[in-house]
Amino acid sequence: MAAVAGRVVPSYTQVGPRGPRRYLGLTAAYLGQYLRSRLEYRADFLSGVLSEVFTQAISLTFLAVLFTHVPTLAGWSRPDVYVMYAFFQLSWGLADSCAGGIWGFGERYIVRGELDRLLLRPAPPLFQLLLEGVDLESFLQVGAGLVILVWAMHAAEVHWTWWMPPLIALWTCAGAAIFIGVFLALTCAAFWVDGRTGVMPLVYNTTAYGRYPVTIYGRWLRLLFSYLLPFAFVAFYPAAALLRPTAYLAWGLGALPAAAATAAVAGLVWTRGLRRYQGTGS
Amino acid sequence: MAVFWAMARLRFLTMLAYRLNYWSGVLTYTVYIGGYYYIWRAVYAGRPSVAGMSIGGMVTYLAVAWMTRAFTYNNLDGDIEEEVRSGLVAIQLLRPYPYVVGKLWSAGGEAVFRLAFWMLPGMLVAALLFPVHLPTHPLTYAVWVASAACAFLVNAQLNTAFGLFAFSLQNARGIRWAKTRLVDLLSGVYLPLGFFPAAAQRVMSWLPFRDIAYVPAAIFTGTIPPAQAAAAVAGQLAWVGGMAVVVAVFWRRLRRVLLVQGG
Chain U
1148 MAAVAGRVVP
1158 SYTQVGPRGP
1168 RRYLGLTAAY
1178 LGQYLRSRLE
1188 YRADFLSGVL
1198 SEVFTQAISL
1208 TFLAVLFTHV
1218 PTLAGWSRPD
1228 VYVMYAFFQL
1238 SWGLADSCAG
1248 GIWGFGERYI
1258 VRGELDRLLL
1268 RPAPPLFQLL
1278 LEGVDLESFL
1288 QVGAGLVILV
1298 WAMHAAEVHW
1308 TWWMPPLIAL
1318 WTCAGAAIFI
1328 GVFLALTCAA
1338 FWVDGRTGVM
1348 PLVYNTTAYG
1358 RYPVTIYGRW
1368 LRLLFSYLLP
1378 FAFVAFYPAA
1388 ALLRPTAYLA
1398 WGLGALPAAA
1408 ATAAVAGLVW
1418 TRGLRRYQGT
1428 GS
Chain S
30 MAVFWAMARL
40 RFLTMLAYRL
50 NYWSGVLTYT
60 VYIGGYYYIW
70 RAVYAGRPSV
80 AGMSIGGMVT
90 YLAVAWMTRA
100 FTYNNLDGDI
110 EEEVRSGLVA
120 IQLLRPYPYV
130 VGKLWSAGGE
140 AVFRLAFWML
150 PGMLVAALLF
160 PVHLPTHPLT
170 YAVWVASAAC
180 AFLVNAQLNT
190 AFGLFAFSLQ
200 NARGIRWAKT
210 RLVDLLSGVY
220 LPLGFFPAAA
230 QRVMSWLPFR
240 DIAYVPAAIF
250 TGTIPPAQAA
260 AAVAGQLAWV
270 GGMAVVVAVF
280 WRRLRRVLLV
290 QGG
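Same order as they appear, the protein sequences are chains U and S. Residue numbers for the first sequence follow our numbering, so the first one is 1148 and each next one is one higher. Residue numbers for the second sequence follow our numbering, so the first one is 30 and each next one is one higher.
Be aware that one or more of the hints could be misleading.
Covered, in the sense of this in silico footprint (three residues per stretch, anywhere, with C-beta under 8 angstroms from a C-beta of chain U), are these stretches of chain S [unchecked claim]: (1) 50-64; (2) 169-179; (3) 205-212; (4) 218-230.
To be clear, the hints were calculated from the coordinates, so they are not data collected in a lab. Keep in mind that this is a model prediction, so the values were computed, not measured. Using N, Cα and C, we set each Cβ at its ideal position, and we do this for glycine too.
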């Protein structure tokens, strides 16, 4: 139940199904509404695909040119680094396709007071926030990541086993949870501070560090990206676990507790922030 | 002329109004440079030189290339697209000066802010954090300043042309994003153009992108030797003129097809 300014909102009469079925129904309703508005602009989708393919090609070109001069990067070959890149894209794509509400949160929900609307509705506000920000075009990045992953694993001569597909799906979700958790926790600063702090874009830029073997960084950065902003668990550790399971499988599985911890911290910050929210009076 | 100075000044003051702008630029570009510094440090591990470049030369190149980008970067393409799409451009057209020239001057105002608050402090920070080698000859600095100014003019006009062209496309945001990445790659901020295969380099020597970051950075690091620096700047000047022609052509086409409803 939503808490407004420290008080609990009086209970309401629940209609329709309860439990998980209720949330599935709500998700379907939100997505249906989203698709209806998007299908008005079908040409958008094609140019979205094209610009996505193009952007990926540019990033891969950088790596390809780099590896024409050296055989390995900190002991990892070109296909190995492509696998890391692919994991990054998978998780980023999944996170980005439902983080639209997070990027403009301070501006839209706090300054303009739209959070009032979410709080008045009989569903958890965070659930609504994520669903309102759904952008399925970003889901193209997941598709791109998957194509690159399959191709890079083939090039890296990794043999598929039965446990890989479910584990890759799990890692993708864990990575997305890490991204969403970190940025949700940061965006909650809007509950305490007026105006932009500039921390979000800064951390956004550091995410790219997660695409490369974390061993290339100095000691402090390695600790930072493993424990404080655990972006290394999004791409490097899962990829390393696939490529060199004997050395890295434990680290790769560490992505799950890392994601859980990030989500827990973000959830805590979010509830603390909600308690402070007083609306704009509009 | 006074009008244009006023536009540049206004844009400068707008940038100045957001206190966040004072330090966010230096931090952002330090993060960019840092990312590439660590990648290249790993590439150079145990090698004295790669493609004829030492690690010191490479780090200096990256710092100067990114800082040149910090100086020349602007959002003219997005601004113009937005104004054309929303019809705001109709009001701009009523004003007694050429629309695109006004845009260029306001971008100039932004560039002065970026120079003073982002580029110069950023170079200082980069020189403290990373092993950057500074050139010893004063003339190198003079040529580099001229080259950076040309880089700004090429980039600003490229963005103007792109904005005038892209307003009619769907999903302009995605395409603009892809375009920014492409310009970064081809202008040499990810890696010096000398690292590309020979055939690609030949193609790139005919394109304007190298003039946006590669040429000033290469002059600064001596990758383009002082004897050839003047010719490189002349090449940039040629593209300043070339892009002006492109902008003029796109502008005429836009005025022919533009139809603003109401307003």
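Structure-based check of each hint:
With 7 residues carrying a beta carbon less than 8 angstroms from a beta carbon of chain U, the stretch 50-64 of chain S meets the three-residue requirement, and the given coverage holds. Only residues whose beta carbon comes within less than 8 angstroms of a beta carbon in chain U count, and the stretch 169-179 of chain S has 0; fewer than three means the coverage is violated. Only when three residues or more bring their CB closer than 8 angstroms to a CB of chain U does the claim for the stretch 205-212 of chain S stand; here the count is 4, and the claim holds. Chain U is given as covering the stretch 218-230 of chain S, and this holds because 5 residues of the stretch bring a CB closer than 8 angstroms to a CB of that chain, at least three being needed.
Checked against the numbered hints listed earlier, the structure breaks hint 2 alone; every other hint is satisfied.
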